[in-house]
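J.: First to last, the sequence lines map onto chains A and B.
With my numbering applied, the first sequence has no gaps in its numbers, which climb one by one up to 390 at the end.
With my numbering applied, the second sequence has no gaps in its numbers, which climb one by one up to 1365 at the end.
If you're looking for bench data, these hints aren't it; they were derived computationally from the structure.
No false leads were slipped in.
Calculated cross-link-like contacts (lysine-lysine; reagent style BS3-like; alpha-carbon spacing at most 25 Å):
| no. | chain 1 | residue 1 | chain 2 | residue 2 |
| --- | --- | --- | --- | --- |
| 1 | B | Lys1200 | A | Lys70 |
| 2 | B | Lys1200 | B | Lys1227 |
| 3 | A | Lys181 | A | Lys198 |
| 4 | B | Lys1227 | A | Lys70 |
From a predicted model like this one, the values you see are computed outputs, not experimental measurements.
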Amino acid sequence: MLCIALLSGSIPLLLAIGSLPQQEFYGENVYVVSQITNDEPLPPELLEDLRNQTWIDAISPETYAFCVVKGEPVVVRGIDSEGFIAIDRGEVTSGSADGVFLLAGERLSSRLDIDLGDRIILTGSTHPYLEEMEVTGIYESSGPPNDEILIPLNRSWGISPVGKDGLLAIRVRTDDYDTLKDHLNGTGVPLVLGDGTKSVVLNSDERFDARLATLLFQHPELGGERGVAHTSVFVQQAGNSVQIVVWGFLVLNSALITFGIVAVLAKAVVEKRRDFGVLSAIGANRAQMARMLLRDLVILSVPAVLAGILLGYLLATALGAGDVIILFGHSIQPSYDLVLLVQLAVAGLVLSIVLGTVIYHLISGERPVEMMRGVAAREERKTLEEVLSD
Amino acid sequence: MRDVFLKMATRTNWRTLVTVIGIAACVMYMAGTTAMVEGLDSGTDALAARVQEGPYIALEGSSLADSMVPISVLDLIEGNRTLCWASWVDVEIQSVHVGSTYAIACNDTSGMVTPDLAPLSGSSLWMGARLKDDAERMNITLSSGTEVVLDTAQGNVTLEYERTLNYGAFFSTDWVLVSEDVPPPIAPSVDSVSFILIPKESTEDLERLREEGLTLIPMTGTVAFFKGGIEQVQSSLYVVSLSTSVVIAVLVASLMSVEVHYRRNDIEVLRQIGGSPSLIAGIFTLQTFYVSVFGGLLGVTLGYVVTNFITSFAPLMGYASFVVPQATLSSTLLPFILALVFGIIGGLPVAVLASRKLKKEGPPR
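One chain only, chain A, in its complex shape (with noise of 0.2 Å):
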């Protein structure tokens, strides 16, 4: 039970890890349009233009800056707060997002106590910068800015690292890619446009290889200027990153999980090698006592998986409520949905049955004899001499 605890527990938490550079950026029909360098910013009738497309549902113009607020680190997103509200779909539950505003992602404010009227310094990301705003609402939304601060894009200049009318992306919500593809293709700008799996570079040569991209990030003395210009990238590189460490703690954790289920029911089925040594005596076959054990099997997994798969549940959401796992200012909350709650279960059962019936077929081959008087059939008997001397 324990171990399908710690199975249900962990893996919604590592998913939503594991998605948390993609749920920044995007989200269902959101692509990201972005420079390629700080050398071609994305200009600002690229933005209009983008806004006069009647397929676009919705377009957020944006920029980040990473900031510490009373000692915590905090994403500050510079917004144009109603499209920006269109894309993420949440809302400013108190306050307002008029005029020169600063919102308070909702967990942020209750986690770092923050209230409507509080003065909040704001410095800048790549630069020495002061600013201090007054927090003019609270923002809730499912996904990221619920821990961010978000201010208006003209008070973000000082703060990140654009400047004046810089953009650092660009979201747009459409559900014709195609079409949006096609239409940054014929506006000449050279940017770099993400579905969130996979960037490519449009009206540029610039073919800026992922792996390149690594070697530059770690010496950037090979690449010059250059080799930290790739923003973009490197905003790929950093969600990869956690991807992969995610990845590592998912493959190591399913290795720890099943060898602790080998070796709790290696500890049940030797436990219950005297009866099988005593039904052994009075005539069962082995196939007989695979089936018996195949039940009991069934009996004890069924409600050792659900009470583990509600405990791991109870855990993660508790984890999640008291905001425990905080990942770069984000708190990271469990996502679970039916399928993967069905999933756990199936694989957990499946788990326990098949390792344990394989645990019976190792033991299975011992004399009944042995079986009760719980010695292994496999080693031979052996003279006093003998065991001395091995």
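The hints should help you fit chain B onto chain A, whose structure is shown.
T.: Okay, now just chain B, sitting in the frame of chain A:
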């Protein structure tokens, strides 16, 4: 008897091997996950190192307007510092209210804010670019010498616009910068300052100010953001490890229990040759120890092999990253020691139970 003790405690068969592999799986998990987080830490540190860090701002509380740092604090500062006074003012130009903002006066002898600040005379004012844009949207044209009235609850002062603080400047482009010789009511207080700027290199000064109870905020956020973020990752890892350690304890105890069960014939042999319960407990304790040591060593090795395998081959699937698993003291020694401790905690009760069982069962047949 000592030879018998050692031989029985270190006897190896397929079950022992399975036990070693089981413990290795636990250690592999802990070593691998810790190494990956250390790798992420190292990668983000490298990112942080690319960013130029600015000075720290030291203030009382969390708002510039309310902060009053006693002037006596300056005695604690041995290195460079810039003193700043912030006054909340209403800005009026040509009798039009342009906005409410901070007027900042600086004593910047070290040139930390800007080397050009010194020529700012008592009657001059520099205006943030955004505030100036707001004024221009109100059809107010600013040129050198334009009168700007700064109004406070205590009265007002009229200064002359001199130049614009552009985007990329040190302070908010909503603020106005005035001379430290500015006349009352916004003249700097002689008893306190609003905030002090301290270079990040002055670590001892920063520590003394922190001990004094002042709030320290880096003026460049990225480095502190990533360092704080990694601390959060490490805290999260401890939460995961804590819950995992329960499973590891159960696993090791189960493995040792199975091992004892299978070695009942050895126990009988020991009884026949006069072995005491404490001798039998000792054998299993020693066996637990050596199984845990080998399992731990194998686990640490496997942890690095598996995580390096994942990070090395991930780019072939299009997942290039900057994570390189790092072998550090915490990612090697800690899982090893934990395996040893849990191995002994899991194995010892089983060993004691085995010996007690013998006592209960009485003399050998």
